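Asker: The primary structure of each chain is shown beneath.
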Amino acid sequence: MKFRNSLKNVFKFIFCPTLATIHSPLCHYSLPLAAFILAASFMSAQSAFAYLSISAQTDRTELTITENLYLTVTVSANSGSAPEPTIPPMSSFNAYSSGRSQSISIVNGKITTSVSFTYILTPRFVGRQTIPAISVYNGREKAMTPEIEINVTKSAPVKPPAAQSRPQQPARQNAADGAARQTAAKADIPIFLKAETDRKTAYPGQQINLIVRFYTAIPLTSNPQYLPPAYKNLIFEDLPPVRNGEIAIKGIRYSYSEIKTALFGLSPGPASVSPASVIAQVQSDEQIDPFDPNFFQKFFSMNGAQGATKEFRTSNLTLNILPLPEGAPASFTGATGKYTISSELDRKQTRQGEAVNLSVTVSGNGSLKTITAPKLSNLTNFKVFDTLSSLSISKSNDIISGKKVFTTVIVPRSEGHIRIPPVKFSFFDPEAQAYREIETAPLELKVEKGDADAKNFNFTQPGAQAVSATGSDIRYVSDKASAPLYANAARALGGVAWQVHILPAAALLLCLWFSNIQAFRLRNPQLFRFKGARAAADKDINRAEAELKAGRLKEAVSVLYDSFMEYLSGKTGKKVSALTTRQAGELIMERFPHTDGYYLEEIRSFWEQLEMVHFSPSSLTAQNAKDLITTYTVLIEMLEKEFKKK
Amino acid sequence: MIATVPSFTDYRLPVTGYKILQVLACCLLCLCAFSCPAAAYDKNELAEINDMYKNGKYQEALDGYLKMTDAESANPYAFYNAGNAYFRLGKPGFAVLYYAKAFKLLPRNPDIRSNLDYALKQTGQALVPDGVPKSLHYLYYFLSDLELKALAIFFFWLACLAGALRALAGTALKEKLKTAPYTMSAACLFFLFWIGIRYSSPFTHGAVAAAPAALLSGPGEKFKACATLPEARLVKILDEADEEFYEIGLPGEGIKGWVKKTDLQKI
Numbered sequence: 001m002k003f004r005n006s007l008k009n010v011f012k013f014i015f016c017p018t019l020a021t022i023h024s025p026l027c028h029y030s031l032p033l034a035a036f037i038l039a040a041s042f043m044s045a046q047s048a049f050a051y052l053s054i055s056a057q058t059d060r061t062e063l064t065i066t067e068n069l070y071l072t073v074t075v076s077a078n079s080g081s082a083p084e085p086t087i088p089p090m091s092s093f094n095a096y097s098s099g100r101s102q103s104i105s106i107v108n109g110k111i112t113t114s115v116s117f118t119y120i121l122t123p124r125f126v127g128r129q130t131i132p133a134i135s136v137y138n139g140r141e142k143a144m145t146p147e148i149e150i151n152v153t154k155s156a157p158v159k160p161p162a163a164q165s166r167p168q169q170p171a172r173q174n175a176a177d178g179a180a181r182q183t184a185a186k187a188d189i190p191i192f193l194k195a196e197t198d199r200k201t202a203y204p205g206q207q208i209n210l211i212v213r214f215y216t217a218i219p220l221t222s223n224p225q226y227l228p229p230a231y232k233n234l235i236f237e238d239l240p241p242v243r244n245g246e247i248a249i250k251g252i253r254y255s256y257s258e259i260k261t262a263l264f265g266l267s268p269g270p271a272s273v274s275p276a277s278v279i280a281q282v283q284s285d286e287q288i289d290p291f292d293p294n295f296f297q298k299f300f301s302m303n304g305a306q307g308a309t310k311e312f313r314t315s316n317l318t319l320n321i322l323p324l325p326e327g328a329p330a331s332f333t334g335a336t337g338k339y340t341i342s343s344e345l346d347r348k349q350t351r352q353g354e355a356v357n358l359s360v361t362v363s364g365n366g367s368l369k370t371i372t373a374p375k376l377s378n379l380t381n382f383k384v385f386d387t388l389s390s391l392s393i394s395k396s397n398d399i400i401s402g403k404k405v406f407t408t409v410i411v412p413r414s415e416g417h418i419r420i421p422p423v424k425f426s427f428f429d430p431e432a433q434a435y436r437e438i439e440t441a442p443l444e445l446k447v448e449k450g451d452a453d454a455k456n457f458n459f460t461q462p463g464a465q466a467v468s469a470t471g472s473d474i475r476y477v478s479d480k481a482s483a484p485l486y487a488n489a490a491r492a493l494g495g496v497a498w499q500v501h502i503l504p505a506a507a508l509l510l511c512l513w514f515s516n517i518q519a520f521r522l523r524n525p526q527l528f529r530f531k532g533a534r535a536a537a538d539k540d541i542n543r544a545e546a547e548l549k550a551g552r553l554k555e556a557v558s559v560l561y562d563s564f565m566e567y568l569s570g571k572t573g574k575k576v577s578a579l580t581t582r583q584a585g586e587l588i589m590e591r592f593p594h595t596d597g598y599y600l601e602e603i604r605s606f607w608e609q610l611e612m613v614h615f616s617p618s619s620l621t622a623q624n625a626k627d628l629i630t631t632y633t634v635l636i637e638m639l640e641k642e643f644k645k646k
Numbered sequence: 647m648i649a650t651v652p653s654f655t656d657y658r659l660p661v662t663g664y665k666i667l668q669v670l671a672c673c674l675l676c677l678c679a680f681s682c683p684a685a686a687y688d689k690n691e692l693a694e695i696n697d698m699y700k701n702g703k704y705q706e707a708l709d710g711y712l713k714m715t716d717a718e719s720a721n722p723y724a725f726y727n728a729g730n731a732y733f734r735l736g737k738p739g740f741a742v743l744y745y746a747k748a749f750k751l752l753p754r755n756p757d758i759r760s761n762l763d764y765a766l767k768q769t770g771q772a773l774v775p776d777g778v779p780k781s782l783h784y785l786y787y788f789l790s791d792l793e794l795k796a797l798a799i800f801f802f803w804l805a806c807l808a809g810a811l812r813a814l815a816g817t818a819l820k821e822k823l824k825t826a827p828y829t830m831s832a833a834c835l836f837f838l839f840w841i842g843i844r845y846s847s848p849f850t851h852g853a854v855a856a857a858p859a860a861l862l863s864g865p866g867e868k869f870k871a872c873a874t875l876p877e878a879r880l881v882k883i884l885d886e887a888d889e890e891f892y893e894i895g896l897p898g899e900g901i902k903g904w905v906k907k908t909d910l911q912k913i
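Just so you know, the sequences run in chain order A and B.
Just so you know, we're using the numbering used here here: the first sequence kicks off at 1 and counts up by one.
Just so you know, we're using the numbering used here here: the second sequence kicks off at 647 and counts up by one.
It should be emphasised that the hints constitute simulated quantities derived from the structure, not laboratory data.
Just so it is clear, the structure is predicted and the values come from calculations on it, not from any experiment.
Beta carbons are placed, not taken as given, at the ideal position from N, Cα and C, and that holds for glycine.
A couple of the hints might just be wrong.
Stated by the list, open to error - Straight-line alpha carbon distances no greater than 25 Å define the calculated BS3-like cross-link-like pairs of lysine-lysine that follow:
#1 Lys868/B <-> Lys480/A
#2 Lys902/B <-> Lys868/B
#3 Lys737/B <-> Lys480/A
#4 Lys700/B <-> Lys737/B
#5 Lys480/A <-> Lys689/B
#6 Lys338/A <-> Lys348/A
#7 Lys348/A <-> Lys446/A
#8 Lys531/A <-> Lys575/A
#9 Lys338/A <-> Lys424/A
#10 Lys902/B <-> Lys480/A
#11 Lys338/A <-> Lys403/A
#12 Lys549/A <-> Lys626/A
#13 Lys232/A <-> Lys348/A
#14 Lys795/B <-> Lys822/B
#15 Lys480/A <-> Lys713/B
#16 Lys750/B <-> Lys767/B
#17 Lys703/B <-> Lys480/A
#18 Lys232/A <-> Lys369/A
Unchecked claim - Which residues of chain B face chain A? A partial, calculated answer using Cβ under 10 Å:
#19 Asp688
#20 Lys689
#21 Ala720
#22 Ala741
#23 Ser760
Claimed, not checked - For each label pair, taking beta carbons as the anchor points, the in silico distance ranges come out as:
#24 Leu823/B <-> Asp538/A: 17 to 27 Å
#25 Leu823/B <-> Lys554/A: 44 to 54 Å
#26 Ala506/A <-> Phe836/B: 46 to 56 Å
#27 Gly139/A <-> Asp776/B: 37 to 47 Å
Extracted from the complex, chain B is given alone in its bound form (with noise of 0.2 Å):
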């Protein structure tokens, strides 16, 4: 049996698809410089923020990193640093706020790991829920939201660009790339299912409550409060269709209700 050795035409993709190729490339490529980090906060800046927290100037400090915060919308330390600022300053509900922020853009650094879990602990909650082995939740928590949906979208682009080389490909690149789309495609699938399941997150359109707060049976006040949400407790927006109310719930309890819009912040 002699074997067949693929020619360089073979490989060789059609003029136009090539130039379909080429424009696929070329977006991605954008979409990866147009992803480029944005400046950093100014370093000494920081220093000097960090000195105020050293020496006991919570409020200074506080001011600083939410700055930062105002800043970079993306910067896990800045609300890191702010929900600490928060605690020192003895709000703990804000501390919650800000350091479930941090949680939700690094969800595996372990700094804030603890700290969200040593504040939710102060006030009678847990991070990793009872019974839930650490491991598991530190895996179901690796990714933060926005990275599974880059991820989800950058595999769908892989997808999207393995199928179309591999629809103009001659014969022996298409037998090279016969799995490539539907391994990009699964990745992809991957993906969008993990950010599914983290939809049931408490942390996935999750609030706080800033201060103590009356859980009404209705979007009004004169509904019958039915609970009282202690100051940092974390609860999840069910609906926020209304102009002044969430219909929220509160998983641990089965309970659901109605709260005031200005007695929650939105995580």
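One chain only, chain A, in its complex shape (with noise of 0.2 Å):
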């Protein structure tokens, strides 16, 4: 791991800042190295890989003055959107985009977007010249390309010119041609220049085409440098290639260039294009013929040829952009245009908690770029992740029409044959005047059950730079006022003073004590009664005392007779109330042998004179049970004594 991390550095450190090998110096170095380097990247995995990376390639690099030339420039990048190059100032070529074409790829929720931006160059001098090199910055890194050499060599004088540099011309380029006559007639002029456009007014993201036409009657010395206009209200987007042409107008022979640009209005209300202008070099000494029919070839030929520089400016235009009709549904974002929608995912079944990406392409005519993506609506079986365009664009035939793809990184929730519903867009048609709506056809997808790593998916952005410390602090001081409720509880639970806990510890011990006790009672029931026999007669003799107070005799005696049949039971451990006298005092001696008989007479005594107020009432007097209560008194108390006797 360690040598992996290891190389990984060194390769970041060779690299650094950026990765793009495309420029990088090394990759001319020597094998070894090359070899290193594609170990080391290929153990260091994708975060070896450049965020960021351009490059260009002509398709060609020998051509003639009168041919244009196909520049082709790719930026990639690691994440959702790949910043447009930097086409730098070239002072050999005329340079004009001539579209663009995207593609971005989702795998793993890791995102590589390519988009193919490509250029018509048109070179201005014969010799060997130099396409500097192109940049992109995407605000961390920048790449460029090396630079291109391209050798112009001059054109065969007979040669008829190439057909990809003269075009078919529109219809409406007989318009250009009057609005030319006229500004040539109105002087006897031998260069000028001209804009107009093919309508005055238009929907916002119709399109309007931009007509700039150079007009020269005399030879130039070099090739003359376009200056495009600004634009106000408008988005614009070259349409190359440049057309060159001749034609006559009052009589004089002209040879004209002409520079297309496609024009889209923002927003209803007023749009302008300012000036726009050529820079020409006027040759004093005409040399040339420029009724010629290979003048510009010609024109070309002459290196260093001298002149006086003079700039040609066409007029301000107004445009005034229509607003849009009432009406509109509810779908609608805004596009103008012609338009046709598809959707598809790019798999049929997946398994629950799995990316699946679901694209939807908007084709047709009209200003692409201005168009958001359509709504994704009840994908409520899914966690939809956001949606990340890519733009195609050609310019056939002077109409801007390409294809923007919407793809939407989706994770079903559930599982199950689960349906995808139509995809709803709206686009204003200009020519018909009308709006239209338009959707996808259904999807379906089947999603099986899911494990459980595939629920943790995470859609991130793999252009995302780590975070580096840079430096280390203390934290920031805490803005909690008061302890934590269990540190308080703990600090007032350990400051109870030692002494209050051994109450537990001491009730814990009465507890295990008054257990053993109960236990040993219920063990030796007999001799709790032994024991307790005197002091239950005690508590009946009170009770027998407070019912003669009271008055009630007989019931003083019937607990006094209680008293004593329980205190005979208590002590010799049988029912005694069953048994006669006789027995009683068999049981006794049994029980107690050394019991003297005068006691067991003073028993039997006893027990005769209760028995006999307690059977006949009615002889009963207050005397009586008073002498009763303290012969019963005196009794237990020698009895006592008596069974102690051993």
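Join these two chains into a complex; the hints should help.
Answerer: See the structure below:
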């Protein structure tokens, strides 16, 4: 692992700050180094790949002065969008944007974007020319292409113009010719610049073509430099290539170069095109016949020719951007043109929690750049992530067309056959002057039960930079005013005097003792009855005295009778009330053999007295009752002593 | 076989036992009520003090934080904030001291741990000793000394209550409470054991050198100085019986000696 990391660090160190190999001089170094880089890049996996790279290539490296060159600049990035490259000022070429195509891929949450920008370059001078380094910057990294050498040669004198540099002129060119004729007719002007649009009013997003023509009837010492106009309330797209041609106006033959630009209104209201300029060096010594069919070839063949620099400007153009009519559908987001829509999933079957790419493609004519993503509705069974868009534009026949693909990562939450409802898209058709609402066909996705790992899918843009600490410090102060509850509780409980904690221990010991006593009592019931007999008798004597005081003589005697029976039962361990006095006497002798016979006689006597008053209460007087209580008290006292004899 | 369903009387406790348990339960409740949180320090006042800290008035902020520590000696955040103010004032010794005090009260707080570690590292020490896994160190200090003590007490009370209940309970309840007293006792012993092993922690009976101090070979000025304690050095107090000197140990270096009590601040 350490070896791998060290290799990764070395790799990063070598290529820091950018990992774009294309412009690294190390690419041209020795084979061992290249091998090492390759090995390190494999080991360090994706994190070692470039976040941003750029490459440039031309369709040829040699061309004649009358031909055009196609330059394709490809920008790749590990993010949802790739920045547009910066085309540096080129003294040797005029550059026009010809279109772009974008591809985006999302695999396992990792996004890769590749955008190809196509430019048409028109050479200005014969000789070895250089396309300078083209750079791209994404705010963190910068990548550059190497310079490209192009050999521009003279054209053959009799060679007919190349087909691609002389495209078919559209019908509306006639209008431009008419305007030029008017301009030329006003004065006998050998060179002039004319700009006009194919329409003066348009809806927002409807294409307007701006045509700028540079007419010259005299030779030029250099290829004229075109300075495009500025636009207000309009966005634009170049419509290359530059068309060249000849026209006769008022008997004068003009050579012209035509540059077209597609304009799109942004919002209702006035829009304007500021003057465009052409800077040209006009040859003072007219050695070349301007009416020569090979005027340009001859002109560009004379290297180093001198002339006066003149600037030619067009007039200001004003356009009116109309408001869109009312009645737009709910799904309308401002698109104007003619479009179709389709959708597709990158797979038909997936597992719960696994990411699926849903691509909605809007194709057609119009300002595709300004189209926003159609709303995805009723995707309740999915977790929906951000939508990424890729744009491809073509400019054939001077019409901006292409497609915009909106790719959304969706993750099914549940299993089963899940239907993805149609996606609606609305646009305004300027030709029909009506809104159109189109929709995709519904899609179906079979979702199987996923595993636990799949549910933890994270959609991250790998282009994001890792945070690296640049320093360290103590953490900030706390805003908690009080100690946590448990800390206070612990402090209070811990602060209680240790003596307090004896209490539970003492209680435990007490309970254990009590429990033992209870157990012993349960095991020896007779012993407790024997020991408790005297105390019970004393209680009963008190009760009997109370009854006597209350005048309830009968009750007092009853208490004494019951108490006496209980006492004897407690002492002998058998129920005495069921016995006769004789049997009771024998039982006492058996239990306490050392008992004096006198006490047995006393017992018998007291028992008989009790029975007599108990069963014939009419003979009972207060004095009798009192005597009985006294006798009982004395008898108990004596018996206690007698029973302890051993 | 007919299952024996315990009757209600099987669960009944004898009246006396029930009363004993009632008293015990009331005592435990009183202890819990007694341990309710102290009144929180005024939040607005704290916000003002924090504003001073934010605006770089560290000395004024420190005064405020120290007032808080006086008012609430169990508030770890007050000690933590005071440690921060000391740190900003360039007093690492006191910063470590106050972070250590906060750490003793709330050792699992990530902010306290982080700042104590940071301050210790600034002075050539480390919160987690070399070779000790961080997770083990975190577990070892998961509970504060006070929390360990409180838990041991709590489980001691519970064990006594469960034991008493079991002693007085009927047959069925006794069966149900068969293991409860032993479980509570085991928990109590566990926390006592934890307290025991925490005795070796540098934060238990620990102190910090607020300023560089001389480590003497005996408890008196006449003894030879055998080492110098750098500022913010954590030491362990071995004996504090002497009036003027602490006997301290430096576990890392295997040195022990005596330092003037005025040179050390107890955690």
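Asker: Could you run down the list of hints and mark each one as holding or not?
Answerer: To see whether the hints hold, each was checked on the structure:
no., hint, verdict
1, Lys868/B <-> Lys480/A, "violated (48 Å)"
2, Lys902/B <-> Lys868/B, "holds (17 Å)"
3, Lys737/B <-> Lys480/A, "holds (24 Å)"
4, Lys700/B <-> Lys737/B, "holds (18 Å)"
5, Lys480/A <-> Lys689/B, "holds (8 Å)"
6, Lys338/A <-> Lys348/A, "violated (30 Å)"
7, Lys348/A <-> Lys446/A, "holds (6 Å)"
8, Lys531/A <-> Lys575/A, "holds (16 Å)"
9, Lys338/A <-> Lys424/A, "holds (15 Å)"
10, Lys902/B <-> Lys480/A, "violated (39 Å)"
11, Lys338/A <-> Lys403/A, "holds (11 Å)"
12, Lys549/A <-> Lys626/A, "holds (10 Å)"
13, Lys232/A <-> Lys348/A, "violated (47 Å)"
14, Lys795/B <-> Lys822/B, "violated (28 Å)"
15, Lys480/A <-> Lys713/B, "holds (15 Å)"
16, Lys750/B <-> Lys767/B, "holds (18 Å)"
17, Lys703/B <-> Lys480/A, "holds (20 Å)"
18, Lys232/A <-> Lys369/A, "holds (17 Å)"
19, Asp688, "holds (7 Å)"
20, Lys689, "holds (5 Å)"
21, Ala720, "holds (4 Å)"
22, Ala741, "holds (8 Å)"
23, Ser760, "holds (5 Å)"
24, Leu823/B <-> Asp538/A: 17 to 27 Å, "violated (39 Å)"
25, Leu823/B <-> Lys554/A: 44 to 54 Å, "holds (51 Å)"
26, Ala506/A <-> Phe836/B: 46 to 56 Å, "violated (24 Å)"
27, Gly139/A <-> Asp776/B: 37 to 47 Å, "holds (43 Å)"
Hint compliance for this structure: hints 1, 6, 10, 13, 14, 24 and 26 are not met, and every other hint is.
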